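Asker: These protein sequence lines are chains G and S, in that order. Following our numbering, the numbering of the first sequence begins with 8 at its first residue and continues without gaps. Following our numbering, the numbering of the second sequence begins with 3 at its first residue and continues without gaps.
A couple of the hints might just be wrong.
[Unchecked claim] No more than 30 angstroms apart at the CA atoms, straight line, and that leaves these computed lysine-lysine pairs for DSSO-like:
1. K122(G) / K170(S)
2. K136(G) / K122(G)
3. K63(S) / K223(S)
4. K12(S) / K251(S)
5. K63(S) / K225(S)
6. K122(G) / K167(S)
7. K103(G) / K167(S)
8. K122(G) / K251(S)
9. K136(G) / K103(G)
10. K167(S) / K251(S)
11. K122(G) / K103(G)
12. K251(S) / K103(G)
13. K11(S) / K103(G)
14. K11(S) / K251(S)
15. K170(S) / K251(S)
Everything labelled a hint here was simulated from the structure, so no lab data went into it. Given the structure is predicted, the values throughout are model-derived calculations rather than measurements.
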Amino acid sequence: MAESHYIGVQGVHKAYTGHGRTTVALGGVELHIDRGSFVSIVGPSGCGKSTLLQIMAGLLPATAGDVLLEGRRLTEPPPEVIYVFQQYTRSLFPWKTVARNVAYGLENRGNLSRKEIAARTREYIGLVKLDGFESHYPWQLSGGMQQRVAIARALACGPDVLLMDEPFSSVDALTRVGLQELVMRLWRELGLTVIFVTHDTDEAIYLSTRVVALSKPPALVAVDLTIDLPHPRDQITTRELPRYLQYRHRLLAQLFAEEGLPSEAAGVATAVLAP
Amino acid sequence: MSSLLDYIKKSRLIGVLFIAALLALWELSATLEWISPMSWPRMSSVVVTLWELILSGELLKELGASLWRMFVGYFIGVGLGVLVGLLMGSFRVIYNLLEPITEFLRPIPSPAYVPIAILFLGIDDEMKVFMIAFSAFFPVLLNTYSGVRGVDPVQLQTASTFGVKGSKLLWQIVLPSAAPYIFTGMRVSLAVALIVMVISEMVAASNGIGYFVLAAQRGFKVKEMFAGVVTLAVIGYVLNRVFVAIENKVLAWHHGSTQQQKN
Chain G
8 MAESHYIGVQ GVHKAYTGHG RTTVALGGVE LHIDRGSFVS IVGPSGCGKS TLLQIMAGLL
68 PATAGDVLLE GRRLTEPPPE VIYVFQQYTR SLFPWKTVAR NVAYGLENRG NLSRKEIAAR
128 TREYIGLVKL DGFESHYPWQ LSGGMQQRVA IARALACGPD VLLMDEPFSS VDALTRVGLQ
188 ELVMRLWREL GLTVIFVTHD TDEAIYLSTR VVALSKPPAL VAVDLTIDLP HPRDQITTRE
248 LPRYLQYRHR LLAQLFAEEG LPSEAAGVAT AVLAP
Chain S
3 MSSLLDYIKK SRLIGVLFIA ALLALWELSA TLEWISPMSW PRMSSVVVTL WELILSGELL
63 KELGASLWRM FVGYFIGVGL GVLVGLLMGS FRVIYNLLEP ITEFLRPIPS PAYVPIAILF
123 LGIDDEMKVF MIAFSAFFPV LLNTYSGVRG VDPVQLQTAS TFGVKGSKLL WQIVLPSAAP
183 YIFTGMRVSL AVALIVMVIS EMVAASNGIG YFVLAAQRGF KVKEMFAGVV TLAVIGYVLN
243 RVFVAIENKV LAWHHGSTQQ QKN
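Isolated chain G (complex conformation):
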């Protein structure tokens, strides 16, 4: 398979049936993702962003369509793809210490010795700067620290792809900046492919090499932007670049139009940034 088709989402439909009604969340999403890219998925709330991500993780079956990983059809969660949940308080195992949580993925790979597991656990706890908290339980940590444990746990088993579902939506603004920097640094250092769902267009542009906006359900790809901003990025100066503001304009106009929010720009959204 071609390198440009590392992950392929082909005509993915998802319909839910409940209370005698069928709701179509995804209406045939097409998306091809390159290895090593950082792709954010934005869209109006309830548009099926998280549903799409769970289908890409193999956690949820699609009603129709396929997800391909290096050309292989996904039928169950693949070992090289790890999903990081929005609800870190529920995703961490409360009966395990920080170190045991981080070791969880490694222990279930089944091919590592105790010593290797302990060494890697230490390494990744260090990577998210939680040294000294190894024997704490999740409830003893702040929200930002808990999410760092979840990230360390995901990265410790050496995935190629990290799927993150609004991972920073429930932490305060400063903690969020810290976590954004952490994820961007790890993405660059470890050569990961990251697919990142967020409702925050600024976060999406700042972090990503590409931003995909979904439409209202039944969701389709409405906007697909390549983010051509230099690395390393800076929380203050990158966000002041004219190109950054153009991307922001383009995405917000699209989202506002979808949600029916008033904006002068909404009507002329397509005129901006035409290649």
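Based on the hints, put chain S in the right spot on chain G.
Answerer: Same frame as chain G, now just chain S:
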């Protein structure tokens, strides 16, 4: 002075003093023979009798026989309760199969089963162990089932993103997650097991603490009878304290996190 009052209000001392007062009242009422000494011996004489029974080894022998039955029955009941509870919580078809019969059998008071159990198992240990296991089974079953149903789907999905599936999910996620519920059931079952142990020994036995209390009463050995009842009170108290200590150790994570949520 006010700090002493505060201390009395906050500490459990007042409860201990209340017990002491009731014991003193017992002693007084028996000494003054408000009630016939035939059925109401002095508290101090019961303590002396209890001490003599301990020294002679008679009480410990009866107690040993009782506790052996109780623990064998209790652990069989708990083991089966957890197993069936896990199955009912994990597989809808097993739930549908067993839920009606459970709801039918559970409300019948355990002592009502004793005559049936005697018919099939005789009056020996098998009957008593069966009765204890049977009674301890239901509270654990129901709580385990609730615990399994209450497992957070996010935790199951988390395990599955790490490639964990099948019976490993049960051991790694479902069981620890349901542990607080299972312990609640086990604590209820412990009290039930003690009750059923005494009842089954009173109905049909030639040893054990339940038999001892009933035999003492029939033989007009009232002091021995009271000594037996006091022993049961102590055993019940100690068992509960040991249980709570184990639970606090095993579920330290749970108590910590629930405490956190309250703050």
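Asker: Next step is simple, just say for each hint if it's right about the structure.
Answerer: Here is what the structure says about each hint:
1. Straight-line distance between C-alpha atoms of K122(G) and K170(S) comes to about 22 angstroms, which keeps the hinted pair within the 30 angstroms bound.
2. Between K136(G) and K122(G) the alpha-carbon distance is near 21 angstroms, which keeps this suggested pair within the 30 angstroms criterion.
3. For a cut-off of 30 angstroms, the pair hint linking K63(S) to K223(S) stands: about 18 angstroms separates their Cα positions.
4. The straight-line distance between the Cα atoms of K12(S) and K251(S) is roughly 25 angstroms, inside the 30 angstroms bound, and the hint therefore holds.
5. For a cut-off of 30 angstroms, the pair hint linking K63(S) to K225(S) stands: about 18 angstroms separates their Cα positions.
6. Of the pairs offered as hints, the one joining K122(G) and K167(S) holds, with about 25 angstroms between alpha carbons and a cut-off of 30 angstroms not exceeded.
7. For the given pair, K103(G) sits about 19 angstroms from K167(S) by alpha-carbon distance, which is consistent with the 30 angstroms threshold.
8. For a cut-off of 30 angstroms, the pair hint linking K122(G) to K251(S) stands: about 27 angstroms separates their Cα positions.
9. A C-alpha spacing of about 19 angstroms is found between K136(G) and K103(G), which places the hinted pair at or below 30 angstroms, so the restraint holds.
10. Among the hinted pairs, K167(S) with K251(S) is consistent with the structure: their alpha-carbon atoms are about 29 angstroms apart, no more than 30 angstroms.
11. With a C-alpha separation of about 19 angstroms, the suggested pairing of K122(G) with K103(G) holds against the 30 angstroms cut-off.
12. Using a Cα cut-off of 30 angstroms, the hinted pair K251(S) and K103(G) holds, with the two alpha carbons roughly 14 angstroms apart.
13. For the suggested pair K11(S) and K103(G), the alpha carbons sit about 38 angstroms apart, so the restraint of at most 30 angstroms is broken.
14. Between K11(S) and K251(S), the direct Cα distance comes to roughly 29 angstroms. Compliance with the 30 angstroms bound is thereby established for this hinted pair.
15. With a C-alpha separation of about 24 angstroms, the suggested pair K170(S) and K251(S) falls inside the 30 angstroms cut-off, and the hint holds.
Checked against the numbered hints listed earlier, the structure breaks hint 13 alone; every other hint is satisfied.
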